[in-house]
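Enquirer: Assembly of the complex is requested from the two constituent chains, each provided in isolation within its own frame, with the hints serving as guidance.
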Amino acid sequence: MTDIFGQTLNLNYVLLLPEIVLLIFSMLVIGIDAFKRQLNISGNVPVGLALAGLVVALTLSILQVNMDEDFARLIQVDSFTSFFRILFIAITLVLIVGSHEYIEKSVSHVGEFYGLLLLATVGAMLMASARELLTAYLAIELLSFSLYIAVSLARSDRRSGEASLKYVLLGGVASASLLYGLSMIYGVTGATQYHEISAVLSAGDTGLTTPLLLGLVLIIVGLGFKASAVPFHMWTPDAYEGAPIPVTAFLSATSKAATIALFLRWFGGPLLPIASDWQFILSGVAVATMVVGNLVALQQVNIKRLLAYSSIGQMGYMLMAIVAVGSGFGSDATSAVLVHLAGYIITNLLVFISVTHFFNQTGQEEITSFKGLAQSNPYLALMITAGLFSLAGMPLLVGFFTKFILFQAVVSAGHLGLVTVAVVASTVSLYYYLMVVRQMYLYEPEDGTEQWRLSLTGYVTTLALFVSLVVFGLWGTPLYAAADAAAAGMF
Amino acid sequence: MIPIEYFLTLGAILFGLGLFGVLSRRSAILILMAIELMLAGVSINFIAFASYLDTDAFSGLIFALFVITVAAAEVGLALGIVLRLFRERRTSNVDEASDMRW
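Read top to bottom, the protein sequences are chains A and B.
By our numbering, the letter at position 336 of the first sequence is numbered 336, and the numbering carries on one by one without gaps.
By our numbering, the letter at position 51 of the second sequence is numbered 1051, and the numbering carries on one by one without gaps.
Since the hints were derived computationally from the structure, they do not count as laboratory data.
You may find that some hints are simply not true.
If the Cβ cut is set under 8 Å, some of the chain B residues that face chain A in the computed set are [stated by the list, open to error]:
1. PHE1020
2. VAL1022
3. ILE1035
4. VAL1042
5. ASN1045
6. PHE1046
7. PHE1049
8. LEU1053
9. SER1059
10. GLY1060
11. LEU1061
12. PHE1066
13. ALA1073
14. GLU1074
15. ARG1084
16. LEU1085
So the derived label-pair ranges between C-beta atoms look like this [as the list claims (entries may be wrong)]:
17. B:ALA1073 - A:LEU434: 40 to 48 Å
18. B:GLY1076 - A:ILE24: 21 to 29 Å
19. B:LEU1010 - A:LEU434: 53 to 61 Å
20. A:VAL460 - B:GLY1076: 37 to 45 Å
21. B:ASP1056 - A:VAL301: 54 to 62 Å
22. A:MET234 - B:LEU1030: 16 to 24 Å
23. B:LEU1017 - A:PRO273: 28 to 36 Å
24. A:ASN66 - B:ARG1090: 51 to 59 Å
25. B:GLU1096 - A:ILE32: 34 to 42 Å
26. B:GLU1088 - A:THR477: 46 to 54 Å
27. A:ALA52 - B:ASP1056: 41 to 49 Å
28. A:LEU416 - B:PHE1086: 50 to 58 Å
Rough simulated footprint, nothing fancy, chain A against chain B, three-plus residues with beta-carbon under 8 Å [stated by the list, open to error]:
29. 1024-1032
30. 1090-1100
None of these values were measured; they are calculated from a predicted model.
Just so you know, even glycine gets a beta-carbon here, dropped at the ideal spot from N, CA and C.
Next up, chain B with everything else stripped away, as it sits in the complex (with noise of 0.2 Å):
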C-alpha cells in the first residue's frame, strides 16, 4: 500500500505551486488556475485522510466533491468579474486594474 505521506506531499506540493501562482502571475485568468491548483491539493488531502483515516465514513469525500463544485462556481463567478472588467479597460491585467490605491 502506498504510505499517506506520498499523497500529503502531493497535495501541498500542488497547493504550493498554486500559491506561488497567485503571488507570481499579473493575468487574472491566471491567478484563477492557480487558485484551482490550490483547490486540487485540498482536495487530495481530504481524499487521502478519508480514505486511510476515517474508512467507515465518507465526511472527506463528501468534502472533496464540494470543494470540486464551489470550485467550479467561483471560476464561473470570477470570469464574468473579469469579463466586466475587461470591458471597461481592455486588460486583464491585474496591475493595471489599480485606480485605487491605499
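So that you can see chain A by itself, here it is in the shape it has in the complex (with noise of 0.2 Å):
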C-alpha cells in the first residue's frame, strides 16, 4: 500500500492484534451481557470471556516483545509499548481476578463493566505506542470516555453519579484545552507526526515562540489533568470517592501510567528539542504536586480519598523524572520512570485489592473502620501494612528500591532541589500510611474479634502481588533490565 504521496505504508495488522483481540472481545462482553436473558446463559459468562481476551491479547503481547515497526505510520511496536502493553493487560487481568466479588455485588450493569474496562485497557495501550497526534488524542479519549461511565456504575450509590459528572465536566475541559496546544504544535510544525515535528523543532528557532509556548503550557494543562498534577487535581478526589473500588485502583494505575507513557513519548520525543522551554514549567508543576499531594493527604478521614492524594503525591515524584528527561538523560530518566511506575502500580494494586475485600467484609471505607483489623483477620492487615510501608518507600520493599533509582536518575540529570522536595515530601507521606497502620494494631476492633477470610481468589491475588513486592524490593535486577529494554527502544 502506498499513501497519497506515494511512500509505502505498512499495513501488517498482525501488529495491532493484541488490541483488536480485546476489542473483539469487549463488544461480546457487551453484546452477550445484553442479550442474556434470551440466550439464557449463567451469570459467569461475561467475566470469563472477559479473562480469556485479556490472557489470549497478554500472550500476543509477549510474542511481539522483540518487535520494532510501525503501522501505517499511526502507531509504533516497539519495546516501550511492548512493555506498557504487558502491564496495562496484567493490571486489568490481576483486577479482575482479586475483585470480581465486589464487581457482582455493588457494581450495577456488570458486563458492561467489563467490556468497558477491556475498551479502557485498549485505549491506555494505544495511548503508549501511538507516533502521531490525532492517534494519541483519540486513544486518550478511548481510555476517559470508558473511564467516565465506568466511574458512574456504583450502585447504590449517591456519589458515584456527582463523581462521574465532575470528571466528566472537567475532564471535557483538559481535553480541550489540550487540543488547542495540539492545535498551536501543528501550527508552528505543520506536522503530526512525532518524528517530523521533532525534526522542525530540533532545525532551529521557528520565530513562533509565543505561540509555542502557549501550546506547551496548554498541553501540560490538558496532561496534567489526567495525570493529576497540582493545580489540576480537584477532580481526582471526588472521582476516586464515587468510583467503585476496582475503577478507583483502574484510574490510579492504569490511566495514570498511560498519561506518564504519553509524557514520555511527548516530551522525550517531539516536544525535546525545546525542552528548556517546558523544563520550568514542568518542574513548578511536579514540585506543586509533590507538596500539596502529601501534605492534603494528612487531613483525609476516607480511605479512598488519601489513596488519591497519596497517588497524586507519586504522580509529583515522576513529574520531576520528567524534567530530567529534558536534562539530556533521557534514557536513564525514562528507564527509572518505568521502573517506579511498574513498583508503585504493584504496591497501588495490592492495597486497593486489600481495601476491596474489607468493603466487600464490612461495608465501610472510613480509615477509623479499620480499627482492630490486626485481630479480625491479621493477614490483610499484613498486606494492607506491606503495601503503605512500600508506597512510603521503606526499604526491603519494591517501593524503597524503585524510588532511590527515582531520585538518582533526577539527581544525576542536575536536579537536586526537585530531588530535596521529594525527599521532604516522601518523608511527610509516612505519616498519613502510618496512620492506616496504627488503626489496624493498636485499637481493638469496635465489633468483637470474630475472624474472617478471604476468597480464594482474593488469598491469590494478594499473597501474589504481595511475593512480587518482596521479590523486586530485594532483587530488583528484571525490573530494571525490562525498564532498560523499554526505554532504549524510545532514545
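Expert: Rendered as C-alpha cells:
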C-alpha cells in the first residue's frame, strides 16, 4: 500500500493483534450481556470472556516483545509499547480476578462494566504506542470515555453520579485545552507525526515562540489533568471516592501510567528539542504536586480519598523525572520512571485489592473502620501494611528500590532542588500511611474480634502481589532490565 | 485573501468564550454547551492551519473532523450522566451536586 504521496505504508495488522483481540472480546462481553435473558446464559460468562480475552492479548503481546515496526505511520510497536501493553493487560487481569466478588455485588451493569474495562485497557495501550498526535488524542478519549462511564456504575451510591459528572465536565475542559495546545504545535510545525515535529523543532528557531509556549502550556494543562497534577487535580479525590473500588484502582494505575507513557513519548520525543521552554513549567507543576498531594493527604478520613492524594503525590515524583528527561538524561530517567511506575502499580494494586475485600466484608471505607483489623484478619492487615510501607518507600520493599533509582536519576540530571522537595514530601507521606497502620494494630476492633477470611481468588491475588513486592524489593534486576530495554526502544 | 490571523482570532475568541462559560455557568447542560464552544474554536484553528500552511496534506482537516465527532460522542455520554444525576437529585445544577468536599 502507498499513501497519497506515494510513500509505502506498512499495513501489517499482526502488529495490532493484542488491541484487536481485546476490542473483539469487549464487544462480545457487552453484546452477550445485553441478551443474557434471551440466550439463557449464566452470570459467569461475561467475566470468563473478559479474562479469556485478556489472557490471549497478554500472550500475543509477549510474543511481540522484540518487534520494532510501525503500523501505517500511526502506531509504533517497539519495546516501550510492549512494556506498557504487558503492564496494562496485567493490571486489568489482576483487578478482575482480585475483585470480581465486589464487582458482582456493588456494580450495576456487570457485563458492560467488564467490557468498559477492556476498552479502557485498549485506549491505554494505544496511548503508549501512538506515534502521531491524532492517534494519541483518540486513544486518550477512548480511555477517558470508558472511565467516565465506569466511575458512574457504583450501585446505590449517590456519590457515584456526582463523581462521574465532575470527572466528565472537567475532563471535557481538559481535552479542549489539550486540543488547542496540539493545534498550536500543528500550526507551528505543520506536522502531526512525532518525528516530523521533532525534526522541525530541532532545525532551529521557528520564530514563533509565543504560539509554541501557549501550546506547551495548554498541553501541560490537558495532560496534567489526566495525571492529576496540581493545580489540575481537583477532580481526583471526588472521582476516586465516588467510583467503585476497582475503578478507583484502575484510575490510579492504568490511567496514570498511560498518561506518564504519553508524557514520555511527547516530552522525550517531539518536544525534546524545546526542553528549555517546558522544563521550568513542569518543575513548578511537579513541586506543587508533591507538596500539595502529600500535605492534603494528612487530613483525610476516607481511605479512597487518602489513596487519591497519595497517588497525586506519587505522580509528582514521576513528573520530576520527566523534567530530568529534558536535561539530556533521557534514557536513564525514562528507565527510572518505568521502574518506579511498575513498582508503584504492584504496590497500589495490593492496597486496593485488600481494601476491596475489606469493603466486601464490612461495607465501610473510613480509616477509623480499620480499627483492630490485625485481630479480626491478621493476613489482610499485614497485606495493607506492606503495601502502605512500600508506597512510603521503606527498605526491603519494592517502593524503596524504585524510589531510590528514580531520585538517583533526577540527581544525576542535576536537579538537586527537586529531589530535596521529593525527599521531604516522601517523609511527610510516611505519617499518613502510618495513621492507617496505627488503626489496624493499636486499637481493639469495635464490633467484636470475630475472625473472617478472604475468598480464594482474594488470597491468590494478594499473595502474588505481596510476593512480587518483596522479591522485587530485594532483587530488582529483572524489573530494571525490562525498563532499560523499554527506554532503549525510545531513545 | 483573508489573512490567517482573522481565523486564529476567531478561534481564540470562541475558545475564550467557552472557557468563560465553563467557569461562570452552574447548570451542567450549559457547561457542556460551553465545552462545545471551546472545541469549535479548536476546529477553526486546525482548519485554518491546514488550509494556509499545510495545503498538500490533510492532517489538520482530518483532525478537525475527528474533533467534531468525538465532541458529539462526549456530549451524548455526558448527557447520560446528567440524566442519572437528575433522577437521583432532581437537579442539574453542579453546585447542588456537592456531597463530597476536600
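Enquirer: Would you mind marking each hint as holding or not holding in the structure?
Expert: Status of each hint after checking the structure:
At about 12 Å, the closest approach between the beta carbon of PHE1020 of chain B and any beta carbon in chain A exceeds 8 Å, and the interface hint on this residue is violated. Taken as an interface hint, VAL1022 of chain B checks out: its beta carbon lies about 5 Å from the nearest beta carbon of chain A, inside 8 Å. For ILE1035 of chain B, the interface hint holds, the least distance from its beta-carbon to any beta-carbon of chain A being 4 Å, beneath 8 Å. Contact between VAL1042 of chain B and chain A, as hinted, is supported at the beta carbon level, the nearest pair being about 4 Å apart and thus within 8 Å.
The beta carbon of ASN1045 of chain B comes within 4 Å of a beta carbon in chain A, closer than 8 Å, and the hint placing it at the interface holds. With a least beta-carbon distance of about 5 Å to chain A, the hint placing PHE1046 of chain B at the interface is held under the 8 Å criterion. The beta carbon of PHE1049 of chain B comes within 4 Å of a beta carbon in chain A, closer than 8 Å, and the hint placing it at the interface holds. Restraint check, LEU1053 of chain B versus chain A: the minimum CB separation of about 5 Å is within 8 Å; hint holds.
Here the hint on SER1059 of chain B is kept, as its CB sits about 5 Å from the closest CB of chain A, short of 8 Å. For GLY1060 of chain B, the interface hint holds, the least distance from its beta-carbon to any beta-carbon of chain A being 6 Å, beneath 8 Å. Restraint check, LEU1061 of chain B versus chain A: the minimum CB separation of about 11 Å is more than 8 Å; hint violated. Because the smallest distance between the Cβ of PHE1066 of chain B and any Cβ of chain A comes to about 6 Å, under 8 Å, the interface hint for this residue holds.
Taken as an interface hint, ALA1073 of chain B checks out: its beta carbon lies about 7 Å from the nearest beta carbon of chain A, inside 8 Å. Restraint check, GLU1074 of chain B versus chain A: the minimum CB separation of about 6 Å is within 8 Å; hint holds. Given the 8 Å rule on beta carbons, the hint for ARG1084 of chain B holds: about 5 Å separates it from the nearest Cβ of chain A. Taking 8 Å as the C-beta cut-off, the interface hint given for LEU1085 of chain B holds, the closest approach to chain A being about 4 Å.
Judged by the Cβ atoms, the range 40 to 48 Å given for ALA1073 of chain B and LEU434 of chain A holds: they are separated by roughly 45 Å. In this structure, GLY1076 of chain B and ILE24 of chain A meet the distance hint of 21 to 29 Å, their C-beta atoms being roughly 24 Å apart. Between LEU1010 of chain B and LEU434 of chain A the CB atoms are about 56 Å apart, so this pair conforms to the stated range of 53 to 61 Å. Taking the beta carbon of each, VAL460 of chain A and GLY1076 of chain B are about 40 Å apart, inside 37 to 45 Å as hinted.
Separation of ASP1056 of chain B from VAL301 of chain A is about 60 Å and conforms to the stated range, judged on CB atoms against 54 to 62 Å. Distance hint for MET234 of chain A and LEU1030 of chain B: a CB-CB separation of about 20 Å, consistent with the stated range 16 to 24 Å. Taken as a hint, the range 28 to 36 Å holds for the pair LEU1017 of chain B and PRO273 of chain A, whose Cβ atoms sit roughly 34 Å apart. Checked against the given bound of 51 to 59 Å, the beta carbons of ASN66 of chain A and ARG1090 of chain B, roughly 58 Å apart, stay inside it.
The hint said 34 to 42 Å for the Cβ distance between GLU1096 of chain B and ILE32 of chain A, and at roughly 38 Å that hint holds. At about 52 Å, the CB distance of GLU1088 of chain B to THR477 of chain A agrees with the hint of 46 to 54 Å. Judged by the Cβ atoms, the range 41 to 49 Å given for ALA52 of chain A and ASP1056 of chain B holds: they are separated by roughly 46 Å. Checking the proposed 50 to 58 Å range against LEU416 of chain A and PHE1086 of chain B shows it holds: the Cβ atoms sit about 53 Å from each other.
Look at the stretch 1024-1032 of chain B against chain A: 3 of its residues bring a Cβ nearer than 8 Å to a Cβ of that chain, three or more, so the hint holds. For the stretch 1090-1100 of chain B, the stated coverage by chain A is satisfied: 5 residues place a CB nearer than 8 Å to a CB of that chain, which reaches the threshold of 3.
In summary, the structure is inconsistent with hints 1, 11 from the numbered list given earlier, while agreeing with the others.
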